[in-house]
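A.B. asks: Take a look at the letters that make up each chain.
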Amino acid sequence: MGSSVAIEVSHLSKVYEGKVTAVEDITFQVSQGEVFGLLGPNGAGKTTTLRILITVLRPSGGTARVLGLDVVAQATQVRQLIGYVPQERAIDRFLTGREHLQLLASLYHLPKDRAAKRIEEVLKLVNLEHKADEVARNYSGGMKRKLDIACGLIPDPKVLFMDEPTLGLDVQSRLKIWEHIRELKARGITILLTTNYLDEADQLCERLAIIDGGRVKAIGAPNELKSGLGGDVVTLTLAPGDLDKVEGLAQALKAQEGVRAVSVKQNVLDIRVTSPEKTLPAILNQVVARRCQLEFVDYHRPRLDDVFLAHTGRRIEGD
Amino acid sequence: MEDYLQEVGALTMRWVKRLSREKFSMVFTLFQPMVFWLIFFGNLFQRTANAEVVQAPSYIAFLAAGVVVMTILNNGLAGGTDLLFDKENGFLERLMSTPISRTSVVISRFLFVMTITSLQVLVILGVAYLFGVHPVTGLPGVAVIILIGLLFGVGLTAISMALAFSVKSHGDFFSMLGFLSLPMIFLSTALVPLAAMPAWMAVLARLNPMTWAIDAVRPLILSGWAAALPKIGIVVIVMTVFDSVCLFGAARAFRRTLG
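Residue numbers (the numbering used here), protein chains in the order written: chain A, 70 to 388; chain B, 3 to 261.
Simulated from the structure, these hints should not be mistaken for lab results.
In this text, a Cβ means the ideal position worked out from N, Cα and C, and glycines have one as well.
One thing to keep in mind: the hints can contain errors.
[Said to hold, decoys possible] The calculated BS3-like cross-link candidates involving lysine-lysine, where the alpha carbons are at most 30 Å apart (straight line), are:
#, chain 1, residue 1, chain 2, residue 2
1, A, 181, A, 254
2, A, 88, B, 89
3, A, 254, A, 227
4, A, 88, B, 19
5, A, 181, B, 25
6, A, 193, A, 286
7, B, 19, A, 186
8, B, 19, A, 193
9, A, 200, B, 25
[Said to hold, decoys possible] Partial selection, computed: residues in chain B whose CB lies under 8 Å from chain A:
#, residue
10, 16
11, 18
12, 89
13, 92
14, 97
15, 101
I would like the entire structure built from these sequences, with the hints used as guidance.
C.D. replies: In structure tokens, the structure reads:
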């Protein structure tokens, strides 16, 4: 890895009360300035991993370092360098937005004048200035989320941890939060987020780890993971009358350049191709040359849910 | 040290702000249901209670010490409630991810609960005053009553916070509090003196730290320093033991939750 490492997790495991294994042998690295996602269904071990990284939970085995500091032995130093954005409900509905930020500023031991300046900065960053003096009880879901992010930014963190940043938000608020996250990335903050939304992982994360059953199933950039599946998929469905021509067509296509694999199921051919732009015309030429009659053609790029399915054997819930 | 004061100050102010935002809750917190015990229970049983048995000029004068200590009991036992909500909604985790001393949150809660309890004790004594209960030891006696309240309250609040950190659901928390509170009151000298209790209840009442607290507060109101001082000496010993046991027991739950 060229740039320096911000988060280094090595063979991490967590067993609750000596019996429930939440996380098992998890290893990954996050570079500085990267947006890294932990993608998985509820109960996969994402939040456990996150809680260990923010020093509120002790691992049962393995190590985790943030900016080179051990999250157990050097917890206090780690806490000074990180920001944490918990799930939406972690708001005191009796306090105003500004009072949340003032509390956090005191907990990070900022002197009064610096705290006041920092509070104005973060309020502006998340566009919450006009609501800063209203009690959080009156905030919408999206505003609470913005306040959460503002709280996480008070210490001017090098690394920001976000737990399900858009869980339960409406589409518009979600897009706004994504915008904020991209803005933070542009400022050079390293971000680790957990999510069970495929599109969120796809849109925001430069790299991600797919976690299921407490284990890492795959790590990589979303595009890498998708192309790792062995190319795009073209599906041809021949007319039932052409059943006798299927085998011959399959053999011919296998010999075709750019075709990686062909699987036949009755009158349906699944063709994995590396470069659809070049291969698709060639495939159709073969169909025409053999006078096959097409009933249906489908083509799609592998989506992240194909990746998830391929690595875990099931579809992710709730998306 | 400066950092520590800053964090504890900010956390304590948060409890104060929360309380002040709920106007009704604030009024009802200060003028607790305990006031009704004093007014209604005290006056209701005025003629039934035998002055020779309670050894006081009136039942309400006898009851005042009991209601003061009941207030301390209820406040202490409820002291962990806000932390329970903080634990459940993740606010506690947010606090613990910041570079604060692991003790700050608990200390801020102690400070807040003790302050509120002291104010409530003053309100109770004020209401009792209106009904003609004038503490014979005067203001110094009131100060000692508050100190006894603090001694008892520390242990109770510790139990409550430990419970808040340990329970699986907040239903468990409130049912355990409800379960603890009434026997503590009835098996104490809050409502009747030891001499008037059935023997088996008197035995249990003697094991209840609340009885010792009441036995020290009551002479401060009714008899005077000479009768009170030996009782105060005993309550200091009893409460030191009680608080040590509670804090020792709670420390595990604190460490598990707060790291």
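A.B. asks: Could you work out which earlier hints the structure fails to respect and list their numbers in ascending sequence?
C.D. replies: The structure conflicts with hints 4, 6, 11, 12, although it agrees with all the remaining ones.
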